[in-house]
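Asker: The residues making up each chain are set out below.
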Amino acid sequence: MTETTINPQPTVAPYLALFESLAAAGEEPAWIAARRRSAIARLGELGFPTSRDEAWKYTRIAPIVEAAWELPEWAPNPEQLDLERFVAWEDGAWRLAFVDGVFVPEFSRVDDLPEGTLLAPRSELLAEEPQLLEELEGRHVEYAADGFKLLNAAFAGDGAFLRVPRGQRLERPVHLLFVHSGQQPVMTSPRNLIEIEDGGAATVVERYVGLGAGRYFVNSQTEVYVGRNADFVHDRIQRDDDTAFHIGNLELHLDRDARCSSTAISVGALIGRHEVRQVQGGPGTTCRLNGLFVVDGDRVSDNVVVVDHSQDQGHSEQLYKGILDDRALGIFNGSIIAEEGTRGTEAHQTNKNLLLSDTAVAETRPQLEIYTDEIACSHGATVGQLDGEQLFYLRSRGIAADQARAMLTHAFAADVIDRVGSAATRRRIEDHLAERVAWGRVAITEES
Amino acid sequence: MSMLKIENLHATVAGKEILKGLDLEVKAGEVHAIMGPNGSGKSTLSYLLSGRDGYEATAGRVSYQGKDLLAMNTEERAAEGLFLAFQYPVAIPGVNNMYFLKAAVNAQRKHRGQPELDAVEFMALVDEKLRLVDLKRELLSRAVNDGFSGGEKKRNEIFQMAMLEPKLAILDETDSGLDIDALKAVADGVNALRSPERSSLVITHYQRLLDYIVPDRVHVLVGGRIVKSGDKSLALELEERGYGWIEKEVGAV
Numbered sequence: 001m002t003e004t005t006i007n008p009q010p011t012v013a014p015y016l017a018l019f020e021s022l023a024a025a026g027e028e029p030a031w032i033a034a035r036r037r038s039a040i041a042r043l044g045e046l047g048f049p050t051s052r053d054e055a056w057k058y059t060r061i062a063p064i065v066e067a068a069w070e071l072p073e074w075a076p077n078p079e080q081l082d083l084e085r086f087v088a089w090e091d092g093a094w095r096l097a098f099v100d101g102v103f104v105p106e107f108s109r110v111d112d113l114p115e116g117t118l119l120a121p122r123s124e125l126l127a128e129e130p131q132l133l134e135e136l137e138g139r140h141v142e143y144a145a146d147g148f149k150l151l152n153a154a155f156a157g158d159g160a161f162l163r164v165p166r167g168q169r170l171e172r173p174v175h176l177l178f179v180h181s182g183q184q185p186v187m188t189s190p191r192n193l194i195e196i197e198d199g200g201a202a203t204v205v206e207r208y209v210g211l212g213a214g215r216y217f218v219n220s221q222t223e224v225y226v227g228r229n230a231d232f233v234h235d236r237i238q239r240d241d242d243t244a245f246h247i248g249n250l251e252l253h254l255d256r257d258a259r260c261s262s263t264a265i266s267v268g269a270l271i272g273r274h275e276v277r278q279v280q281g282g283p284g285t286t287c288r289l290n291g292l293f294v295v296d297g298d299r300v301s302d303n304v305v306v307v308d309h310s311q312d313q314g315h316s317e318q319l320y321k322g323i324l325d326d327r328a329l330g331i332f333n334g335s336i337i338a339e340e341g342t343r344g345t346e347a348h349q350t351n352k353n354l355l356l357s358d359t360a361v362a363e364t365r366p367q368l369e370i371y372t373d374e375i376a377c378s379h380g381a382t383v384g385q386l387d388g389e390q391l392f393y394l395r396s397r398g399i400a401a402d403q404a405r406a407m408l409t410h411a412f413a414a415d416v417i418d419r420v421g422s423a424a425t426r427r428r429i430e431d432h433l434a435e436r437v438a439w440g441r442v443a444i445t446e447e448s
Numbered sequence: 449m450s451m452l453k454i455e456n457l458h459a460t461v462a463g464k465e466i467l468k469g470l471d472l473e474v475k476a477g478e479v480h481a482i483m484g485p486n487g488s489g490k491s492t493l494s495y496l497l498s499g500r501d502g503y504e505a506t507a508g509r510v511s512y513q514g515k516d517l518l519a520m521n522t523e524e525r526a527a528e529g530l531f532l533a534f535q536y537p538v539a540i541p542g543v544n545n546m547y548f549l550k551a552a553v554n555a556q557r558k559h560r561g562q563p564e565l566d567a568v569e570f571m572a573l574v575d576e577k578l579r580l581v582d583l584k585r586e587l588l589s590r591a592v593n594d595g596f597s598g599g600e601k602k603r604n605e606i607f608q609m610a611m612l613e614p615k616l617a618i619l620d621e622t623d624s625g626l627d628i629d630a631l632k633a634v635a636d637g638v639n640a641l642r643s644p645e646r647s648s649l650v651i652t653h654y655q656r657l658l659d660y661i662v663p664d665r666v667h668v669l670v671g672g673r674i675v676k677s678g679d680k681s682l683a684l685e686l687e688e689r690g691y692g693w694i695e696k697e698v699g700a701v
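Protein sequences, first through last, are from chains A and B. Its first residue numbered 1, the first sequence is counted upward by one per residue in this note's numbering. Its first residue numbered 449, the second sequence is counted upward by one per residue in this note's numbering.
Where hints are given, some of them may not hold.
What the hints assert, rightly or not - With a straight-line Cα cutoff of 20 Å, these simulated DMTMM-like cross-link-like pairs (lysine to aspartate or glutamate) come out:
1) K475(B) to D627(B)
2) K680(B) to D516(B)
3) K550(B) to E430(A)
4) K615(B) to E695(B)
5) K584(B) to D627(B)
6) K615(B) to E687(B)
7) K676(B) to D664(B)
8) K550(B) to D431(A)
9) K632(B) to D664(B)
10) K57(A) to D402(A)
11) K550(B) to D402(A)
12) K558(B) to D402(A)
Claimed, not checked - Computed footprint of chain B on chain A, listed as stretches where at least three residues anywhere in the stretch have a Cβ under 8 Å from a Cβ of chain B:
13) 377-390
14) 393-399
Claimed, not checked - Calculated Cβ distances over 10 Å to all of chain A for the following chain B residues:
15) G499
16) A527
17) V543
18) G599
19) Q608
20) N639
Bear in mind the hints are in silico, worked out from the structure with no lab data behind them. Think of the CB as a built atom: it goes at the ideal place given N, C-alpha and C, for glycine as much as any other residue.
Bound conformation, chain A alone (with noise of 0.2 Å):
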């Protein structure tokens, strides 16, 4: 372990005796221990992301990386939790729960499953069945220049294993439900992988959540692999406490003819972050990347979206909408690539972010990188306010101006709550923003 401590980063030095910490406790197949081992020395080379790196300029994450984080090792007992209210709405759907880091079984529900998915937590498969994961764990993600993924490789922890086999469609949506309940300061990593195979289909509802207050840091890593004429519709729920650190990452692997709709909701974190890749496999694929953040207070949102075509007949859109009060800050980072020699790639971008305060700032960097003549492609980007001439109209017609400014606010965010996927969780969207947001709560100035 040598190699790793040669003048590291200042604040990587933690994370490499956190990790001695972790090699010491656990007893896990050699190859775990390897993936682990290459990540944690890898990132003491390259360190933590600074503002230099275009992808995080906006972001600091100083108050992240400074911060003394412990090792999951405990869950509270969820019976004290109250984690109902978390599954109540749910509708019937199969679910994967974790408290702090850790497996949960009695809030998951895996029972009646179709003959040949597996959905399992990653420990159960590690245990059981690790040739598995060490054949598909790692395949699609693209660590090399980025800390937070070489820190959730080293680290990783449950999360959870979905495999669709061939031809199946699931019928009911599967929850991965992330609960931090802000009892101890943990850095959590959770480790999803999901495999759609040829021609199957499935809802995946993604959730973090908090119980309050709580300082607690998610680093998780999704990986998708969506195979031949396969769908996959994917919610990605980031509600976790205003007090604590998001960062997670998706890359999604779409093999030829896959369709993907992935639709990430972020309105919690005190500095919250979530970047999603997609790549393509094969050509024909269609992908539709779509995200909503609300932040307040001092908060921090930073959304990054890769698109990258590297195949012919790939088609995507963006579609992002930050919603800013306070002295907030949302950052939407969008990057289209069409690769040399590709043909009939159609990309489209749009970000549009409603500043609710003077003070709220909305940073939007638009990326092309196109080496391809045979494409259609287009990108927007717009930062204002509610408007005054519709708030008046309201008014006029007796709504209360803080009423009229939740509906704008909401009608602001509605096409893309609109395209969450599964309507259960539409719903429950719906309902926690109009609380949360209280839309209209917001001290609007003037209008003008």
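Got chain A; can you put chain B on it based on the hints?
Answerer: Okay, now just chain B, sitting in the frame of chain A:
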């Protein structure tokens, strides 16, 4: 009984004085028309009465059903029964027309201490009012004014008016840009709501609308003041002779 009494009203928009001592009284049950050339202050008057930000009364008083209208905010005025039919109704993508109407109706009912309508009662009201106003039902399930034609927007205004049953309706150039069928439809809707308790202020540039909504009084607004009042024959005279002669008469620009 006086519905609206405006005395010596002065008002500014962006620091510029637009209304310069306007007097007007509308009694319950009456329909008054306000006519005037472009830039005379017609729209300023309608926005000021409905409480739009940026329109500031600097002198004078406005009494509405015996209350100080200028002390109320926009939504209070609406809930007290004041309705503005917009010249250019704004589109609100993402807000469903029916949802918006229900919110408006119930906000006003709540203000008046009436129980809110549930979905069934609300739909019954919609059905009733659709018989008064010629509006395509499908427009109700769309976003407010979004993608509506000019005529559809104006009919939607009148439909909202029918739903909200105001005491004082201000129609701000509701006739502008309408073909004759739409104009008649709008006028029919307004006439259907005429009653001894209800008053209307019909602001228009043209006499044409007044063939269908026959006013009790016609006022000419020039240079921020009412400079001439008369019965409906005044509107015909304005149509024939234009506004130039009045402007000369009062020496206003």
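Asker: A separate judgement is required for each hint: does it hold in the structure or not?
Answerer: Going through the hints against the structure:
1. K475(B) to D627(B): Violated, at about 31 Å.
2. K680(B) to D516(B): Given that 20 Å is the threshold and the Cα spacing comes to 30 Å, the pair is violated.
3. K550(B) to E430(A): With Cα atoms ~19 Å apart, K550(B) and E430(A) stay inside 20 Å; holds.
4. K615(B) to E695(B): Given pair K615(B), E695(B) is violated - Cα atoms ~33 Å apart, limit 20 Å.
5. K584(B) to D627(B): Distance ~17 Å between K584(B) and D627(B) Cα, so the pair holds.
6. K615(B) to E687(B): With Cα atoms ~29 Å apart, K615(B) and E687(B) exceed 20 Å; violated.
7. K676(B) to D664(B): holds (14 Å)
8. K550(B) to D431(A): holds (19 Å)
9. K632(B) to D664(B): With a Cα-Cα distance of about 19 Å, the restraint between K632(B) and D664(B) holds, given a limit of 20 Å.
10. K57(A) to D402(A): violated (35 Å)
11. K550(B) to D402(A): Given pair K550(B), D402(A) holds - Cα atoms ~16 Å apart, limit 20 Å.
12. K558(B) to D402(A): The given pair, whose Cα atoms are some 15 Å apart, holds under the 20 Å limit.
13. 377-390: This one holds; 4 residues, not fewer than the three required, reach chain B with a Cβ under 8 Å.
14. 393-399: Check passed, 7 qualifying residues.
15. G499: violated (8 Å)
16. A527: violated (5 Å)
17. V543: violated (5 Å)
18. G599: holds (18 Å)
19. Q608: With a cut-off of 10 Å, Q608(B) comes too close to chain A, as the shortest Cβ separation is near 7 Å.
20. N639: holds (22 Å)
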